Each structure stands twice: as structure tokens, then as C-alpha cells.
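Peer 1: Spelled out from the first residue to the last, the chains are:
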Amino acid sequence: MSFEVVSAVIGLLLTLMVFSYLIGDNPLFRLAVYLFIGVASGYAVTVIWHSVLVPRLLDPLGNPNRLAWTVVPLILSISLWAKLSPRISRLGGFAMAVIVGVGAATAIGGALTGTLIPQVEAAMDSFDSSEGAVMLAGTVLTLAYFQFGAKRAPDDTIKRGAVIELLAWLGRLFIAVTLGVLFAGVYLSALTALIERLSSIINLVKSLLGL
Amino acid sequence: MAEIRCSACGKNNPDFLDSCQFCQSPLIPESKLFIGEEPTKKDTGELEEILPDWLKDVRQQGKNAEAGDDSFRVQTQPRVPKDEPPDLLAGLLSQSETDEEEIPDWLAGIAASSEKPSLSKPSSDEGPPAFFAGLDQPEKQTVAPTPSESKPDEIPDWMRAEEKTSKQHDDLSARLSQPSSAEPVEETDWAKTFASFDSFAEEPAVQKEPEDLSWLRELEASSKEMSETPMPQARGSEFTPAASNEDLSWLNELGGISAPAFEEPAPPSSSSAEEDLSWLTNLGGATAPASEPQAPSQSSSSNAELDWLSDLQEATNLPSAPAFADTGELNSGLGIPPSSKPFQTAPLNELLGDESIKDVTPDWLKNALEESSMPAPGSVSMDWFSEREKPGETKAEDLFASSQGEAVSSQPAFDFSLGDSSAAVQDLDALFNVEMPDWLAGGQEGGAPPSQQEAKDSAPAFAENALSPVELPSWVQAMRPVDSALEETAASVTDQITETQGPLAGFRGIIPAFPIGSSLRPKALSLKLQVTGEQQTGASLLEQIIASETTVQPQKEQAAVSSQRVLRWVLSGLFLMVLGAVIGLGSKTMPIYASATHSELSSLIATIPENAPVLVVVDYEPSFAGELEATAGPLLDQLALSRRAAFSFISMSPTGSALADRLILNTGVGGLGYQPNLNYFHLGFLPGGSSGVLAFIENPENDFTRFEGVILITDHAESGRVWVEQLQAAGPEIAAKPLLLVASAQAGPLLQPYVSAGQADVMIHGLYDAAKYEFVNNSRPGTARAYWDAFGSGILLAVFAILSGGVWGVLMRMREQRRAELEQE
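Top line first, the protein sequences correspond to chains A and B. Residue numbering for the first sequence follows the working numbering, beginning at 4 and increasing consecutively. Residue numbering for the second sequence follows the working numbering, beginning at 255 and increasing consecutively.
Treat the hints as calculated values from the structure; they're not laboratory data. Keep in mind it's a predicted model, so treat the numbers as computed, not measured. Zero decoy hints are in this set.
Over the 10 Å line for every Cβ pair with chain B, so calculated as not near, a few chain A residues:
| # | residue |
| --- | --- |
| 1 | P30 |
| 2 | F32 |
| 3 | G65 |
| 4 | L79 |
| 5 | R90 |
| 6 | S92 |
| 7 | L146 |
| 8 | G152 |
| 9 | V166 |
| 10 | E168 |
| 11 | R175 |
| 12 | L211 |
Okay, derived cross-link-like pairs now, DSS-like style, lysine-lysine, Cα gap no bigger than 30 Å in a straight line:
| # | chain 1 | residue 1 | chain 2 | residue 2 |
| --- | --- | --- | --- | --- |
| 13 | A | K209 | B | K842 |
| 14 | A | K154 | B | K782 |
| 15 | A | K162 | B | K810 |
| 16 | B | K265 | B | K310 |
Short, incomplete list of chain B residues facing chain A, as computed with Cβ under 8 Å:
| # | residue |
| --- | --- |
| 17 | P941 |
| 18 | V976 |
| 19 | V978 |
| 20 | G1002 |
| 21 | P1007 |
| 22 | A1011 |
| 23 | Q1013 |
Just so it is clear, CB atoms sit at the ideal spot from N, CA and C, and this is done for glycine as well.
With these hints in hand, go ahead and build the complete structure from the sequences.
Peer 2: Here it is as C-alpha cells:
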């Protein structure tokens, strides 16, 4: 039996174990989940060791020319281990601050130049067609839905204004359509994955049966 | 007769005398009586037998005379208690009732002078017996020597002058009494004492007898004898301290002539001085020291019996007489007899009447010019002045005369170091020496006549007692820093806060409780929450929300779990059977239609140079591998087939490398001869998120610009956004490179804005786009197409399930409504 058949059989079994969730939470499903998480984590650690630590940290330590550029990351990396102990967690504060600070600065810069400004310009350009009106209506009505300002009614109840209530109702439609689209995409993704799994199982069975 | 030798003068005296008849020194030390002492009563009846006959006769005659004079008793008895003599006369009064051994020294001197006639002229017909009879009668003892009442018709000129001056004094007293500010306290002991002397002197004025003039002859003789003795300065100290001998000047003026000196300017006082001195000279030794140049007034007396006074005047004009005579150059310059000037008994400016004097006077003396150091005239303390106007006051001068004659004794009659007498002397010192600085006092002492110096030397104790330490001159007091300090302190004290509450109420300068802190102590706040109505409404609303969250909601009745599980099983079985059947059958019945977008994508791929490196970002989870492999297969197949692009795989997920290998294997690229590290490369895991992406893009070693295109395969919109943003931020050159997005069906809608905005060139999301693009790509690799019927079936099943569920729901609602209607019916 070839490696591909064995891997296909294991894959088939694990797929069936996950499908067993249809009858409820069962050990086969849990076994399949735990196995998937363990394999994925082990694979990730191996990849990180071979792809990050060895080439970017350990190898430069042996190279005097790059030693100075490695000591600082090494110290910061080691200090992050201090986060495991509450007593010495402050030692990892600086490294964490560097990570969060640099990441935030990068994200903000990228968001400004890659998302906000281009998207604003694109939204303004889209008004050349009806698409822009729909986008504007959808944006305004959705924001109106999240307007929670209200006044006290004579019957001592608190209600939003009639106009805001109408806009909020229309905005709720836009939100429902958006969430429906997203759910449809998730369904399509899941359906595709299911089709792929069924196809692989059927193909394996066909190959096993020699059909 | 036995004789006693005087220890002072060495002369012999009869044994019945207590004091020497020559020097007035006490012959028996025990006979001294001090001021304030109560004379002890002694029974001298046993001595009656040893008295000489002539003395017994005299006493008998005195008793007869006493019995015949009832008016004498009537007038004398009430006077003694009325005047209320001070302690100074207590001894005299008591002595008057006892034996003459109890007589004090100074009074004994008077008695001695009175007895001298009896001694010198024991054979005198009537005078001496009457005199000694008076001695036997205490009430008559001091009355005997007053000649004024005994012979009113024979009042001498000097006595008339005295009455005249007394009237003037009365007027002056009346005028002085108006501005008087004297306090009753100023009626000091010395004034009382002197008043008592006045009253004491009045007594003999009533009991005058014609025979009393005989004693004057005897007194004349005794005065002649005493004229050779030194001036009795110590006797003057009975009323003033020895150091302030000047005090005797005002005493001299107490005789009635000093009144003009209080207010009258200098010329009138000088003119009246002659009149005043007339009585002073007649007064006998008491005031004679101040009447030295007034001898003519004495000569004006026409009474032959008063010739002795001239002798007495001569006797009292000894150099040591004027105790207060030296008042400085002021008096001498004005031509005023120094002795006629009282020493600070009135404001000196009024006394001197010359304002220019103030210019040459020191500051301390200016105060004296403005204020009188004497008790203010007209006050209660000056009542004795009015009494001086009585006719009998001449007896006081007799007393002074006697005291002057007694002054021959070197011993003081009063011991001021004992009892209240010392206090009286202190008062006198403070009164007369308050404004006298030491240096000036020294100058006066230095310039004093030899008589004064001798008198001072004779009574050094008085000089010491005369200094009053508490009475400092004004200029010395002004130099005292204590005053200013006290003023400042007093001012500060007034600024202090007075406590009004608590146990310290009434105290000044209390540290306030509140600023220490106090002011800093936080004010007590009420624990009751102060909220407005709006806040209260918001709080109630929040409370309702929280309560609704915690309130157990009644669950709606649902169908049995079996039915749902069955439904789930039914649906699952349906999907598995339908999809499995479609996949197992390999059906490709569902049509696929190409779109313009996918044609544009093929055109874009065609622009990529051959064998050009293309960066493929594998950023998705293994669960989405089936979808994304089917979605990215047509694109990678076209690039590998048509462009022979060199793929460089990089992943932001640790499993990316494995997924990349699976992607090459399952997309059919591997079938095109692509070999690892030859036709495709694994760049490995890219940690760091957006930072790692930016670092990878900007790292010169990676040479990102060498990539002709970037294919981003992702299953979540976040990863696609990071890559789009960082490529956009890397620069226009990198941003201009073709960016192809391959996304799952769930991430496609979220990445569509970047494609619509032109930030990404093309996006293929889901199996729907992949099947269409595969159709354009000549149905290569065929994976999408193989899934397409099943995918369509699954969508139809989903639609069916949704519709079935909807219909089921509607049916269930209709069923419930029908049941409800049936129940209502």
C-alpha cells in the first residue's frame, strides 16, 4: 500500500470521525479534533524552529559579523519568557512594548495609506453610478440603526424618533443582507470543503474498489 | 536733786527729765517712742512721793485750773477723734494720758523747751506752775505754749499777717481746687500727719491762758541757748526724707505764705514773700531757714515779747538751715529767695512765670514746669490747708519751732526704718524726687551750702531711702526699649482672635482649630448620593436592563430533541447523499458561463513575463485547503502553463509550506514539471503580521521588486487587507505590480472593496469564480468543474433546506394558529 493510500485512508477515517458530530459530541470527533490540533501545533513548531529561530537567531550567533544584530533580538526574545511568571513578568514588558508599538505603528500607517484614503477616494468615485447611491444609502442607514439616542415619551417610555426609527429599520435590512452574504460565503466555503472531502472519499473508495 | 549726765553734750540734767535740756538727746534710751508705736502705760504713782514740793504745788495748781475750765474739755475731747490722727500721733495721744516718760524724743524736746523755764526759773510766780500743770494734764500738755488764744487782743503783727496770708491762701486754694486732678490717694500719710499736727495745734488754741506767755520768755531763753547749736536738719526729716532737704521749703510755706507760690507769678510771689517771711520769722525756728533775707519783716513786729523770735531767727539762720533753699540758679536769677520757693510743689512755669526758663531747662525739668509734683490744690488732701487758716494753727509753727530747737540732737526723732513710718517716707521721697535725675541731684548736693552737706551727712539713711528706684525720669523711661516692645506686643495681642466657644472661651491668642489643618481637613460629605432626575432615570433604565438579563426567561416550548436531531440527521443525510451522488456519478450537467472579469484576468496574466518570479502568498488554514486549491488552481495552472512563472511561496501561517506543497500537487502544477527550488521556492514562514510583511517587502535582500506579480491566497479578509495595505505603503513601484487575490467564498465579499478601488487587480473568490475562470482557462485543471455540479447541488439543497425550513415554520405557525382557533372555537 502506498503512502498516498495510507494517507487517504487516514484522511478518510478522520473525516468520518469529524462527521460523527452529526450524532452529537462523541470521542471520535474529539479524537479527530485533538489530533488535528496536535499535528498542526507540532508542525507549526517545527516550521518556526527551522524557518525562524535557526536561520534568524541561532545561525547569526555563530557569525561575528551579525552578532551585534542578534543579541538585541535574543535578549528581547528571552525576556518574553518572563511573561510566563507573574513575578518577573515586568521583564518582558519592554519586548512586548516593542512588539505592540511597532505593530500598531505599522498597522496604522498601512491602514491610512492602504485602506482609509484609497477607500474614501473609491467611495467618492463610485458615485458616478447607482452603485454609489446604494453604498451611500447602505452606509447612512446602517449608521442610523446604531443611533441609540431617544427621548422620553408621554407614556414614560423611551423611544427613538420616528425618522430615526424608519432609517434604523432600513439600515437593519442592509445589515441583514450583509450578514446573509457573509453567511452564504461561509456556507459556500463549507460546502466546497464538504464537496472536496466527499470527492476525496469517493475517489479513494473508487480507487480502493478499483472502479 | 539727782542729776543725769547727758551722753551727747556732757551736761547735767535733772533726773526727772527724759531728754537733755541742752541738746535734747534722750537721757534714757528706753524713753524713745517711734512712730506707730503704742506707748505702754506705766504707773508712775510711786514717783509722786519723790516729787519735789514745788512740783507738787504746780501740779495741784494745774488740777485746779483744769477743774475750772470746763469749756476746755468740751472743745478738746471731740477734736481728737475727729481729726483721726495717724499712727504718728498715736503715741502722743496715748502719752498725754500717761506719764511724761512716755513722751517721744521729738515731743520730749518740746516738753523740754517748755520745762526749761521751770528749770531755769523755778521761782517764777505763775507761769511755770501752770505750764507743768498742763503737762500733768495730757490734754493740756501741748496747749500751754499757745499764746494766741490766751490774749486775742495781743495778737502780734506777724499773726495778723499770717491771717492775711491765710485768707490769700484760702483764695488760692479755691482757685487751685478747680483744675485739681488730684486723687484721694494723694492724701498720703505725711499729709495726714501734718493735718493731725494742725488739729493738734488747734487744741491749745482753745485752752489758751493768759499765763502762757510766760513760757515764751522761757522759750526765748532756751532759744538763745540753742542758737549756738547746729541746725536740726534731722528734725525736718520728720515729714520729709533726709535726702530731700528741700522738702522743708514747702513745709515752710504750709504756714500760710506758700500759697501764692503755687499760682502766682514770680514777682507777686517775691513781693508776698516778705509778708510770708514775716510770719515765718515769727514762727520760730521751723520755717526760719527760708526767711533768711526777710529780717526786716521781723523787725516790724512791735511786740516786745517777741524779741526772742529775732534771736531765734538768728539762731535758725545757720548755714545748715535752708534745706530746700537751694532751688538752683533759676531762683537766684529771679531774685526770689530760694527758701521761699517750694520745690516742685506747683508747675514751675506758673511759679516762675518766665517761659524762657523752659529753654534752658532739661526735658525732665520741663515736665516739672508743666506739672506739679505736689498734690493738686483743692483736692481732699489739701483740706489741711484750710485748717491752717484757723487761728490756732500758729501752734503748729510752735511745734516746728520746738522741733527746730530739738534739732540740736544728732539723732533723728523718728526711725523711718521701722513700720509704717518708712512707708510714709517712701511716699514723700517718691513725691519730691520723682523728677530729679541723679546727676542734677549730685550737682545740687555739691553746690549745697555746708550746712546742707552736714545735714546730709548727719542723716545718710534718709538719703539712701530718698532714692525711689521705680520712679525714673521721663527721659530715662523713654529710652527703655521695653516700652516699645510692650506696645508692639500689645498691638499684636489686640490683633489676635479671641476664642468664643469651647473650654478656651475668652482666651486670646488661641491657635484656631480650623486652619491647622483645619482648614485642610476634608469637609464632611454626605453619604447620600446627589443625583438628578435624569441620572435617576438612566440608573433605573440600567437597572431594568440588568434585571432583564438576570431574569429567567420562560423558554418556549420546543419540539423534542429527537425531532431536531432527526432533522439534522435528515438534512445531513440529504446533503451527503445528494452531494455524494453527484460527485460519485461525476455529473457535469450544470452549465458554466464565463464572465468579463475572468477574461480580464486572463489578459492580465498574459502580461506577465515568462519565467518571471511570482510571489504566491499562501495564507489560509488547512480546513480551507479544498476550496482554495480548487479556486487557485486555474490561476496557477495558467501562469505555469502559459508564463512558466517561478513561484515563490511564502506564508504567514506555519502550515503555509505544507499547504504550498499540497497546492502544487493538487492544482496540477506539479504535473507541469515544476520542481521545488527550481520552479517554485518556499520562502518559509513570515512571522510578525503586518510588520513582518512590511519588513519582507522593504528588505533589500528579498529584492521584492524582482517579483512580477503577487498572488495572495487567503481565506480571511484580515490577511488580504494587511498585504494590500503594506504593498500600498511600500511605494508606488511595488504598488504598481499586479496583485491577484484568491480568496475563499467567505472572505471574498470583504476584500471586494480593494478590488473595486483598484488596489487589487483581480480577485477570484470561491468555487463559483474558479469554475468560471477554469472555463476560460480551457477547463484546466478541471477541479472546479468537478466540484461544480456538487456545488450547485449543495446550493440547491441549501435553498431547499431554507425554503423547507421556512415552509416548515410557516406550517407550524399555521398549525398553531389553527389549533388556537380550534381551541377558541
